[in-house]
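Novice: Sequence:
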Amino acid sequence: MATATSLSFRLRSFWRFVLVVSVAFGCSEAMTQLGWMVPLENVYYDYWHQFAGKRRDAEHAAVVAVDEQTLDEYKDDPLAFWQPHFARAMETLTRAGVKVIGLDYLYQVSAEDWLRKLNLPGNESSRSYDSPFRAQLAAGNKILITQLIELSSGENRLLFPPRDHLYLLPQGTNDLGIANLPPDGDNTVRHFWPVFDPDPQKPAMGFATQLALRAAGLDPALTGWDIAGVKLPRDAQMRLIGYVGPPGTIPTVSMSKLLKPDALADPDVQQLKGRVVIIAANDRGTQDRHPSPYSRGIFSKQGDQMMIGGEIHANIVETVLSGHYPRRLPLAAEWIYVLALVVIAAWLYLRLHPAGGLATALALGLLCLIPGWFMFLDDWLLPVGRMQMALGIGFLTTLGLRLTGEERERARLKKMFGRYVSDDVVKVLTEGERPDLAGESVHVTVLFSDIRNFTTISEKLDAHEVVEMLNAYFSRTTEPVLAEGGMVNKFIGDAVMAIFGSPVRHPDHARRALRAALQMAKEAEDFKQWMRERFPDRGLPEFGIGIGVHSGDAVIGDIGSVKRTEFTAIGDTVNAASRLEGVTKEMQCVLVASKASVDAAGAGVITGKQETVKVKGKDEPIEVFEILGLSPAIAEK
171 MATATSLSFR LRSFWRFVLV VSVAFGCSEA MTQLGWMVPL ENVYYDYWHQ
221 FAGKRRDAEH AAVVAVDEQT LDEYKDDPLA FWQPHFARAM ETLTRAGVKV
271 IGLDYLYQVS AEDWLRKLNL PGNESSRSYD SPFRAQLAAG NKILITQLIE
321 LSSGENRLLF PPRDHLYLLP QGTNDLGIAN LPPDGDNTVR HFWPVFDPDP
371 QKPAMGFATQ LALRAAGLDP ALTGWDIAGV KLPRDAQMRL IGYVGPPGTI
421 PTVSMSKLLK PDALADPDVQ QLKGRVVIIA ANDRGTQDRH PSPYSRGIFS
471 KQGDQMMIGG EIHANIVETV LSGHYPRRLP LAAEWIYVLA LVVIAAWLYL
521 RLHPAGGLAT ALALGLLCLI PGWFMFLDDW LLPVGRMQMA LGIGFLTTLG
571 LRLTGEERER ARLKKMFGRY VSDDVVKVLT EGERPDLAGE SVHVTVLFSD
621 IRNFTTISEK LDAHEVVEML NAYFSRTTEP VLAEGGMVNK FIGDAVMAIF
671 GSPVRHPDHA RRALRAALQM AKEAEDFKQW MRERFPDRGL PEFGIGIGVH
721 SGDAVIGDIG SVKRTEFTAI GDTVNAASRL EGVTKEMQCV LVASKASVDA
771 AGAGVITGKQ ETVKVKGKDE PIEVFEILGL SPAIAEK
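In short: position in the sequence shown from 1, add 170, done, that's the numbering used here.
Hints are computed from structural coordinates only; laboratory data are not their basis. Keep in mind that a hint or two might mislead.
[As the list claims (entries may be wrong)] Taking lysine to any residue and the SDA-like style, the derived pairs with C-alpha atoms no more than 20 Å apart in a straight line are:
id, residue 1, residue 2
1, K443, Y244
2, K786, K692
3, K786, A766
4, K430, Y244
5, K692, S645
6, K660, K765
7, K401, G418
8, K698, R708
9, K755, K765
10, K755, K786
Taking the hints into account, I'd like the entire structure generated from these sequences.
Specialist: What follows is the structure in C-alpha cells.
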C-alpha cells in the first residue's frame with residue numbers, strides 16, 4: 171500500500187507531466203492556428219519535392235513552348251500578330267489527336283481591330299488576317315485565358331479576349347479560364363484556385379480546371395464534379411498542386427515543330443495524342459516564370475530554376491485528372507499524432523537529465539522526418555515543423571520547471587543526503603520517490619557500531635593520531651553500509667549509526683543491514699593489522715568493535731533547530747539498536763541482532779549464542795542472537 175508521501179510524489183509528477191504536455195501541445199496548436207508554422211512547414215514541403223525529384227510520369231498534359239527556336243524562325247512577325255501561327259499549331263494539334271488546347275496568351279484586341287484603329291489602307295489581307303484563328307476557336311475544344319487584375323481603386327477586374335473572338339467560342343464564357351497563379355506568402359506557387367467564384371453565371375473557372383473538365387468530358391456549368399475519384403465542388407477554395415516533378419518533367423514540344431509541313435510525322439508531336447496541350451511562352455525573356463517548390467536553394471541543384479506558367483498549369487491539369495492532390499491530415503488525426511509524440515517526449519524529458527532531454531528532443535525532432543517523408547510520397551502531409559516546435563516547447567517547459575523548482579529541490583536533497591548515502595542512492599532519491607522531510611513513520615533496520623576500549627586507546631594517542639585513526643577506520647567500515655544501500659546517519663564519537671530502509675525503501679532492509687554488519691566486522695578485523703603497523707610498541711589494547719542491529723518502526727524526518735537540522739531517525743527502535751550494541755560486550759561477540767531483524771532477514775541467517783536481554787528504556791525483554799554469517803546459496807537465491 172502506497173504511503174502518503176508516495177502518493178503525493180506520484181500526484182506531483184503526474185501534474186508536472188500534464189503541464190508539460192498541455193503547454194507543448196497547446197502552444198504548437200495556437201501557433202499553427204495563427205499561421206506562424208506555415209513558413210517552416212513550407213521549408214519541409216519544398217525539400218520533400220526536391221529530394222523526391224521526378225515523382226511520376228505526366229500522363230494527361232503537355233506544353234507547346236514558344237521558345238527561342240520558334241521566335242527566331244518567325245522573328246519578322248510581331249508576337250501581337252501571331253494569330254495565324256497559333257491557328258496552324260492548333261490545327262496540327264487537332265490532327266495529332268489532342269483532347270483540348272489551351273492558349274496561355276491573352277489578346278485584348280484582334281490584329282484586324284488594331285489595323286483599323288490605325289486607319290491604314292484596307293485590303294483583303296487586313297480584313298481576313300484572323301480568319302484561320304477564328305476558325306480554330308469556332309471548331310471548339312479551345313480554352314482561352316482571362317486575367318484577374320486589381321485596379322488602383324482596389325476593384326478587381328477581368329481582362330477578356332477580343333469580343334469578336336468571344337462570340338466564336340462554342341460554349342461562350344465556359345471556354346474561358348482565369349490564368350492567375352496565386353503565390354503563397356513567400357511568393358512560391360504551391361496552390362491553385364479550381365474556381366475563383368462559385369457563381370456559375372460568372373466566368374470564374376480556373377484555366378487549368380477548364381482544360382481538365384473538358385478533357386474529362388464534364389460540364390463546367392455543374393455545381394461539382396467527380397474526377398479521378400475525388401469530389402471537386404464548385405467552391406472558391408484553394409488546393410495544393412500535385413507537382414509531377416521539377417521544371418522540364420512535363421513533356422514539352424517546341425511550337426516550331428508544329429509549324430513544319432511534316433509536323434505529324436515528328437515523334438515528339440505524335441506523343442501529344444490524347445493529352446491536354448497548353449501553348450505557352452518559354453523563351454528566356456518571358457516574365458511568365460514563377461518560383462515553385464523546386465526553386466528553394468541551399469541543398470538543391472534546382473535552386474535557381476523557376477517554372478513557366480504553362481508548365482504549372484499543366485501540373486494542375488495532371489493533379490485534377492490523376493487525383494494526386496497533396497492532402498493534409500484530418501484535424502483529429504493530426505491532433506492524435508502530435509499529442510502521441512508529445513506524450514512520449516514529456517515522459518522522457520521528466521526522467522532524464524537536461525542534457526539527455528536535449529538529446530532526446532533533437533533525436534525525436536529528426537525522427538519525425540521519417541514518417542513525414544514517406545507520407546509525402548503517398549501525397550499525405552504530416553506536420554513536421556509543428557512536431558519539432560512542440561518538442562522544443564516541451565523541453566523548454568521541462569527545463570523551466572527544473573530551474574524554478576525541481577532542480578533546486580534535487581540539489582537540496584543531494585546536499586542533504588550526499589553525506590549519508592552512496593551516489594546511486596542519491597540518484598534514486600532525486601529521480602524517484604522522495605522521503606517526506608516533515609516526518610513519517612517507516613519500518614527500518616537500525617545499526618549501531620562502536621570501538622572497544624576506545625577511551626584507553628585515545629588516552630595513549632595524541633589528538634592528531636586519534637583523528638587519523640578514526641578517519642582511517644570510518645573510511646573502511648562505512649563502505650559496506652553504502653554498498654548495501656544504507657544511510658550512514660551520523661558519527662557519535664567512535665560510534666556509527668546507520669539506517670536501512672530509509673530514505674530508499676528497500677523491502678529487504680534487514681538482510682542488507684546484516685550483510686553490511688558482517689562486512690564491517692571483517693573490515694574491523696583487517697584494521698587490527700593497520701593499528702599494529704601504525705602504532706607499534708604503544709601498548710594499545712587489541713582493536714575490536716561491537717555491532718548491534720534491530721528492526722522496527724521509527725520516525726524519520728528532518729529534525730533539529732531553525733539554524734541546524736539533520737535527516738535522522740528517532741524512537742524506540744533506534745534506542746533499542748543502540749542498547750544492543752552494548753550487549754555484544756556481555757555476550758562476548760562482535761555482532762548481535764534482535765529476533766525482529768533475524769526474522770525480517772529471511773532464511774539463511776547463521777546464528778550462534780542466543781540470549782534474552784532487557785535493555786534500558788524498554789519494558790519487554792528482547793531476544794538477541796549472535797550473527798555468524800549468511801548462507802551464500804540462500805543469499806544468492
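Novice: If a hint holds in the structure, say so; if it doesn't, say that too.
Specialist: Going through the hints against the structure:
1. K443 - Y244: violated (26 Å)
2. K786 - K692: violated (29 Å)
3. K786 - A766: holds (18 Å)
4. K430 - Y244: Roughly 12 Å separates the two Cα atoms, so the pair holds.
5. K692 - S645: Since the Cα atoms of K692 and S645 sit roughly 14 Å apart, the hinted pair holds (cutoff 20 Å).
6. K660 - K765: Roughly 25 Å separates the two Cα atoms, so the pair is violated.
7. K401 - G418: Violated, because 29 Å separates the two Cα atoms, which is more than 20 Å.
8. K698 - R708: The hint holds at about 14 Å.
9. K755 - K765: holds (18 Å)
10. K755 - K786: holds (15 Å)
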